[in-house]
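Engineer: As a plain string of letters, each chain reads:
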Amino acid sequence: MRISYNWLKQYININLNSKELEEKLTFSGIEVESIDKIGEELKQVIIGKIVEKTSHPQADKLSICRVDDGNEIKQVICGAPNCAKNQKIAFAPVGSKLGEFKIKKVKLRGEESYGMICSEQELGISDNHDGIMILPDDAPTGKDLASYLNLTDTSFELEITPNRPDLLGMVGVARDLSALLKLPLNLPEMSLKSGKKKIEEALALENEAPELCSRYVARMIEGVTICESPQWLKKRLLAVGLRPINNVVDITNFVMMEFGHPLHAFDYQDLEGKKIIVRRATKKEKIPALDEETYTLEQSDLVIADASKPIAIAGIIGGVNSHITSQTTNIVLEAANFNYANIRRTSRRLKISTDSSYRFERNLSDETAEIVSKRAAQLILEIAGGTLLQGTLDSYPDPQKANIVALRPSRVKKLLTIKEDDTTLINYLEGLELRLHKQEKDKLFFEIPFFRKDLTREIDLIEEIIRLHGYNNVETFHKSQNIMNKLSFYARRKLQDILVSYGFCEVINWSFADPKDLDSLNIPESDERRNVAKIINPLGNDFAIMRSTLLPGIFKNTLLNISHGQKELKLFELNKVFFRKDEKLATEKYNLTVLLTGNLNPTFWKEKPKEIDFYDVKGIVEELLTSLDLEDVDYIASKENYFQPGSGADIIFRKNCIGNFGKLDPKIAQTFSLEQIIFIFELSIDDIFSLQEKRYPTYKSIAKFPPVLRDLSFVISKEFLLKDIKNIIFKTNPKIIKNVVLFDEFISDKIKEGYRSLTFSLVFSSETKTLTDEFINNLLKTIIANLEKSCKIEMR
Amino acid sequence: MKEELNKILESAKSEIDKTGSIHELQQLKSRFIGKKSGLMNFMKQISSLPKEERPAFGQLVNETKQQITNIILKCEAAIKESDYKKTLKSEFIDLTMPGRKHEKGSLHPITLVWREIEDIFISMGFDVAEGPDVEDEFHNFDALNTPPDHPARNLSDTFYIENDVLLRAQTSTVQVRVMEKHKPPIKIISPGRCYRNENDASHSPAFHQVEALVVDEDVTFADLRDILNIFLKKMFGEDISSRFRPHFFPFTEPSAEIDIICVNCLGKGCNICKGSGWLEMGGAGMVDPNVFDMLEIDSEKYTGYAFGLGIDRIAMLKFKIPDMRMLFANDVRFLKQF
Ligand SMILES: [Zn+2]
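Chains as they are written, first to last, in my numbering: chain A, 267 to 1062; chain B, 4 to 341.
No wet-lab data here; the hints were simulated from the structure. All values derive from a computational prediction rather than experimental measurement. Do not take every clue at face value.
[Stated by the list, open to error] The list that follows gives simulated cross-link-like pairs (lysine-lysine, DSSO-like), each with its CA atoms no further than 30 Å apart:
1. K39/B - K850/A
2. K186/B - K685/A
3. K680/A - K186/B
4. K876/A - K104/B
[Unchecked claim] Listing some non-contacts, in silico: residues in chain A with all C-beta distances to chain B over 12 Å:
5. Q324
6. D334
7. G365
8. N452
9. R758
10. F870
11. M1061
From the three backbone atoms N, C-alpha and C, an ideal C-beta is built for every residue, glycine too.
Kindly produce the complete structure, drawing on both the sequences and the hints.
Structural biologist: Here is the structure:
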């Protein structure tokens, strides 16, 4: 629903800018979908005076006007029949914009025109396009039209939830604001003066379907003059997005927008039998409606009829056979309430949705019908004249009773934890026009106003209280705690899970260790792992220290399992190691230690078993490091003494050694009584996390152009490592070369001693273009030249 | 002219009939009706013809092209059908032969239970806190209200590294460390390894325990019983509940030992519960005000509860492991069962 700021101010003296009002509405549960400034366009339109009018030499219907815009005299061609010398008119100068229409300097039949004299329709003020808009003689030349007509306003498009039909009118919104801002609500004064003639003398009302029409109020006014509405009324309707039509129809729309309850006016002249009958439609009954369609009705539809024909589809749309025209003099004013479910069904089936059906579908109040009838009659008498017939015809078989709902303040406190006293609670609800009816211990009985059918239970009242109190003013108590080291916690789980998925079994050993194992492992005296925490009262000498490496434990597990005939083993332990030198307690770190021995895969009939080798282990290491988001890791010859020389690597990340892997030196294996080939790797998890922040991946756009693949094969001295070769290739054009994948190494007696043949697959792609063969060939040539220069490669 | 077209059609027909592969067919297609085919060259003659003869000529060439296309399509369908039949014959599969397996690894049963405990408590808003295994006497004893002459402080009960440095005997030490660093509200569990100087069939010198600590305004004994019961039901099933027996722990008051209904016999009595129908699970209680005072937490404003449970014991019950020593033997025939 659209509301207007200026209009709202008639009912409540708010003093908020549009941003503040939006916030107030939003946080009281009325969502503001958009805010529009009205009249901005009309600020460009200027009041002008036609100082001279001559006829166009080439066209009978056009005249040449000379318009004084307060600054200078401009020539404007005008086609309107009603334009005349000395008139004050609305002048849109060159450069101004009305809707999508931009005013330009044009030539009409050889005569130049510097702007446009506008009609009301062109200005968006009304539907009137009979001629140009003529302003009063005292309108000040040169002033902009928006300020002159006082048209500037702000309108708010509101989303009203289906439980609150009372907010479908300005007064409802003003009432909520008045409760929220604690400002008085000013409702329009309503008093009616009627003539001597009684309505019964002119009209009869029969309600044949009270189950579908819970109330029908008819009033009659004789001798009205149908014409254009006064400016203020048009302004109001335009501000809320309604087009002015004529004074009586405009008044019914105005009152609908004011109180949220639709009305309808009939031309009395058209009513056969001088009767209003509320009845179900007959089967296949037809009605020509105001939207120029003819609808075929069913018996479930409710119509308003006269003695011979339907004159409206009740609550949805009026008939063209009884509507108000410029000839109308006597009118019947309908204000009623209809069964909302039935309105919804009919409106859906006939595919008609009107401002009226939209409101009736939401279960309006019967009581409001009388209020809007009175209000509309009052305005019609004021604006369209005429005489009101005495009395009303009112079918109201089952008057709406006031509901009483009890509220326990203790319940409010329990649910909302707000510490407001009873008086404050009462004030909140009285602001919404709930009346305190009775008060007992911890029980407040409220009479619910007729327009709030949605309030039926205690919890509904509690909701109103919190809405007015402000959801965000409720104190909250719970503080979030940040004790857990989530990064390390979940990374440890992830490592375990990946290893399990690769077929590893987790082992858990005690933390006690034998100090002699450090000698067996060839750990240098100066090594950190020699700084151990010794236990004063150990279980035995082989449990005398807290372990500083997980290796001996996992070796003992391996030995035990091999002795049970389990020769294929993949084990890991993820646990703490301890170092103690000068510290009072100990330095405790999580280590991951992994051991592999035997064949890689379980026997599979299609393939021969494969012994684990260095690259199997490296593959797992690389996968694990990738899973921890570690990039740019280097591998160098290990400093550890327990690897077979040349077969151990240290893992370097940001210049720190975070782990190592390789083949256990068979001599060392023997000191642990292990005869099989053993591969191990270790990662210091805490060292990794002291270096690495958790990073969440951020989306990178996916390449639009397909990649190009080329192979490159050459013989090269073994002194050049893969890493260096790849670097040289990448450096040639890092933007285009996306990947360098080694897919073959070949060593044989056909290749000279100390050399190897390598084959790469290169991936090229560009973010901006498709790569041509010529471009790729040139790039390959440069890559080869670079390799020849730095590594003396020979192409194969 | 018509004859020439017929010739092309005939030669296309015989060549296409001879072919047996899709690849060959593609080549024939471009040879006979492709851009550089004889037929298309023939079409170029159209420009030399008088205007009125052109439409008829064009139509004739197109008809021939259409005929050849139809022959190709028919041939293509036949080749595909015969290829498909060959595939069915050649791809023999013995459905009973084993597939390529990826070896199954396993988490240690202690880890499985440990994680489940963490996840249950995390889902109830607890944080997981950690602390050192190598502790000082203050955190292990003094701050937990243990009197100076308490027997637990003996060398025969606790492993020592130095005079007042030891291996923690319970993870309650972590509670103390958390309360030193963080103000209430506190809602943590601290799973971890503990050490006691004993080694026999039912006691391991290194074992695993989880402690819970909740400190806030309005924390009550009822909350303690609730959380414990919720945890036990999530861990062992809806049938399991707990009972408290009054007991003494230095750092809680009132203190209790926790029994749960035997998960094996559900209270009927069996060899696991030694006929009683109940199993001893750990200790619990409301945090002693002295503990709060020592850590400068307002013991009037705040209340709290704590409890401790044995992780290894839960694992043994959950997986029906009969002997504690199996947990630390690391026999893969045992490990791969989980
Ligand atoms: Zn039992």
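Engineer: Look at each hint and say if it fits the structure.
Structural biologist: Evaluation of the provided hints:
For the hint linking K39/B to K850/A, the alpha-carbon distance of about 90 Å lies beyond 30 Å, and the restraint is violated. Between K186/B and K685/A the alpha-carbon distance is near 26 Å, which keeps this suggested pair within the 30 Å criterion. With a CA separation close to 27 Å, the supplied pair K680/A and K186/B stays within the 30 Å bound. Using a Cα cut-off of 30 Å, the hinted pair K876/A and K104/B holds, with the two alpha carbons roughly 14 Å apart.
Consistency note on Q324/A: stated as away from chain B, and its beta-carbon is indeed over 12 Å from all of that chain's, at 51 Å minimum. At roughly 71 Å from the closest C-beta of chain B, the C-beta of D334/A stays outside 12 Å, upholding its exclusion from the interface. For G365/A, the requirement that its beta carbon stay farther than 12 Å from each beta carbon of chain B is met, with the minimum near 55 Å. The Cβ of N452/A sits about 47 Å from the closest Cβ of chain B, beyond the 12 Å cut-off, so the non-interface label holds.
With a closest Cβ-Cβ approach of about 10 Å to chain B, R758/A is found to fall inside the 12 Å limit, against its non-interface label. Consistency note on F870/A: stated as away from chain B, yet its beta-carbon is not over 12 Å from all of that chain's, at 5 Å minimum. For M1061/A, the non-interface assignment is confirmed: its Cβ lies about 32 Å from the closest Cβ of chain B, beyond the 12 Å cut-off.
Hints 1, 9, 10 from the earlier list are contradicted by this structure; the remaining hints agree with it.
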